[in-house]
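With the hints as your guide, set chain B onto chain A.
Protein chains: 2
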Amino acid sequence: MKVLDLMGIPAPEKEKITALPNVQVESTDYLAQHGLADITVIFGWNKQAAALLPENTSVRFVQSFSAGVDYFPLTTLQSKNILLANTSGIHAQPIAESVLAYILAFARGVAASAQRTPADFWASDDLRASVFTLPGKTALIYGTGHIGRAIAEVLAQQGMTVNGISHHGEPVAPFATVGRDSDSLALAKAADVIVNIMPLTAETHHFFNDAFFNDLTGAPLFINVGRGPSVDTKALVAALHNGQLGGAALDVFEQEPLPADSPLWQAPHLLMTPHISGAFAGIYAAAADILYHNLVQFVQDGTLAENQVDLQQGY
Amino acid sequence: MKVLDLMGIPAPEKEKITALPNVQVESTDYLAQHGLADITVIFGWNKQAAALLPENTSVRFVQSFSAGVDYFPLTTLQSKNILLANTSGIHAQPIAESVLAYILAFARGVAASAQRTPADFWASDDLRASVFTLPGKTALIYGTGHIGRAIAEVLAQQGMTVNGISHHGEPVAPFATVGRDSDSLALAKAADVIVNIMPLTAETHHFFNDAFFNDLTGAPLFINVGRGPSVDTKALVAALHNGQLGGAALDVFEQEPLPADSPLWQAPHLLMTPHISGAFAGIYAAAADILYHNLVQFVQDGTLAENQVDLQQGY
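Those protein sequences? They're chains A and B, same order as listed. Sequential numbering of the first sequence, starting at 1395, is according to this note's numbering. Sequential numbering of the second sequence, starting at 1395, is according to this note's numbering.
Among the hints, a few may not be true.
As the list makes no split between identical chains, a pair holds if one copy fits it or if it spans any two.
As the list claims (entries may be wrong) - Mimicking DSSO-like on lysine-lysine, the simulated pairs with C-alpha atoms at most 27 Å apart in a straight line are:
#, residue 1, residue 2
1, 1583, 1396
2, 1474, 1396
3, 1410, 1531
4, 1628, 1396
5, 1531, 1408
6, 1531, 1583
7, 1408, 1441
8, 1441, 1474
If you're looking for bench data, these hints aren't it; they were derived computationally from the structure. Treat the numbers as computed from the prediction; the structure is a model and nothing was measured.
Just chain A, with the same shape it has in the complex:
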């Protein structure tokens, strides 16, 4: 059984995987020479794999390197009965730390100080009056899955009250309150920090738009560590310029790579990172470990051990 490795499985994990009965690992060279012929499992994804999949009959399981799988041809995978697994879980800790990093950069005046010039650096009365501490502040997290919960845990640990929004609206620890979409406005108005970690679906596309930002009253911080297209970039830029938002941090963007002429570059009170909130030294090993566990099960009975994506739902 051939496993096509498009990501570069680290040596220790590769050794475990090739020790499985009848399993061979092929590199991107194989893809260049033979396409997807005789490939049963793909680890990672690229344009060439996407182009070849519709005509291929051997692929039975794709292990993504990401938590979100919106960029996969879900309908094709479903019609061909190909299993898809994500790496949901390994990004939770780094993303939660990144969210805390963004919040604290604003709360403790680090972001504002970094933008000052030698001439105005010490004129800090405005900073002194605006810096704050986290206990007693309220966060609202859109998405109460495991990454949302990991973020909630880190923020609750800092003394924040953390509410959530989900489809089902069912109580989930450690959220103080979980509302449905219909509770969004009331909870958003009460929030000092709003975090998006929803998957990208037709319903979440441009969920954060002019109407959303215009309804806010407390000039909260807005953080997007979910998917770029969940935010209407124009609306966000306007909300930063007109003060509907006190600040924003974006790790994901409607268009990636972020274009050099994006209006985001001129927006005030904005922190940006280049889609790295889920990254950490050790991420390849962690993803390959999920692949390994799934392969063990897949070799045995053709099912997956963990992180299987519901192709109908898209996550």
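Chain B in isolation, oriented as in the chain A frame:
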């Protein structure tokens, strides 16, 4: 019993205080009209209060708004048996959060991303490889007093191992290890993050000098939230340029305000804030809360609940 409020107690705290049996709050208008006549407690301090105190016989307790009380007439207070309390303690939480903010700004690539231009923003392979998470990392805090302990608690909560250095070297929770000055080198070499929160004395002046930085082997982060002159600025700048330090964050400086021609402005991997790590928006409420707790006790038995200054020692 009249409490003279020279600071402006915020409304919620004022409500709690006036609900105490037989307690009235008077404003600075009272001072202008009646002086200190019939005043039992003073919150804050000013020149008029200082001038009137020697002839006054009713004041029994002064609650300062500051941690340091060197500007009070300690001898007069002592001879008149007037109790004095400071606000020591309210800066621990904001300073601890600031330390976490600096560490996470480096760990999660926020500081490095903010320095990128539109043209090189998305070239993030180096960032992806360098960002890290906090669990398993080691911090060394110079100073194990109450602010040092608050920093240690916040970092330990993030999964870091936190060691400390103090004069006595005695074990203090939540430090994993507390060493004396003689253990400094060994513990510093093992640290991913080094934090200074020592008071400034003859012994701590330029404690962090060329010799200190040159001995480091793991390119740690260095954070100063203590006193500026504890660091030899030239040595720090050299350590940043030559890579002995992986990065640094300074809230205090040898010369304050920080001069526009300081070599720090040209140093790489450096975050600076203008002596604001202890500031926070609720500082008036926090100080009034100490006053409230002291009043509760004072009304009951004439003693103070917290933060009483030893008038002989002066702190």
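We went through each hint and held it up to the structure:
Taking the closest pair of Cα atoms, residue 1583 and residue 1396 never come within 27 Å of each other, the shortest separation being 53 Å inside a single copy and 40 Å across copies. For the identical chains of this complex, residue 1474 and residue 1396 are intra-copy neighbours only, at 18 Å inside a copy versus 82 Å across copies, given an alpha-carbon limit of 27 Å. Taking the shortest Cα distances, residue 1410 and residue 1531 sit within 27 Å of each other only across copies (22 Å), while inside one copy they are farther apart (43 Å). Taking the shortest Cα distances, residue 1628 and residue 1396 never come within 27 Å of each other, neither inside one copy (46 Å) nor across copies (57 Å).
Proximity of residue 1531 to residue 1408 under the C-alpha cut-off of 27 Å is restricted to the inter-copy arrangement: shortest distance 22 Å between copies versus 44 Å within a copy. For the homomeric pair residue 1531 and residue 1583, the shortest alpha-carbon distance inside one copy (13 Å) is at most 27 Å, but the shortest distance between copies (37 Å) is not. With identical chains, the CA atoms of residue 1408 and residue 1441 are at most 27 Å apart within one copy only, with a shortest distance of 24 Å there and 65 Å across copies. For the homomeric pair residue 1441 and residue 1474, the shortest alpha-carbon distance inside one copy (18 Å) is at most 27 Å, but the shortest distance between copies (84 Å) is not.
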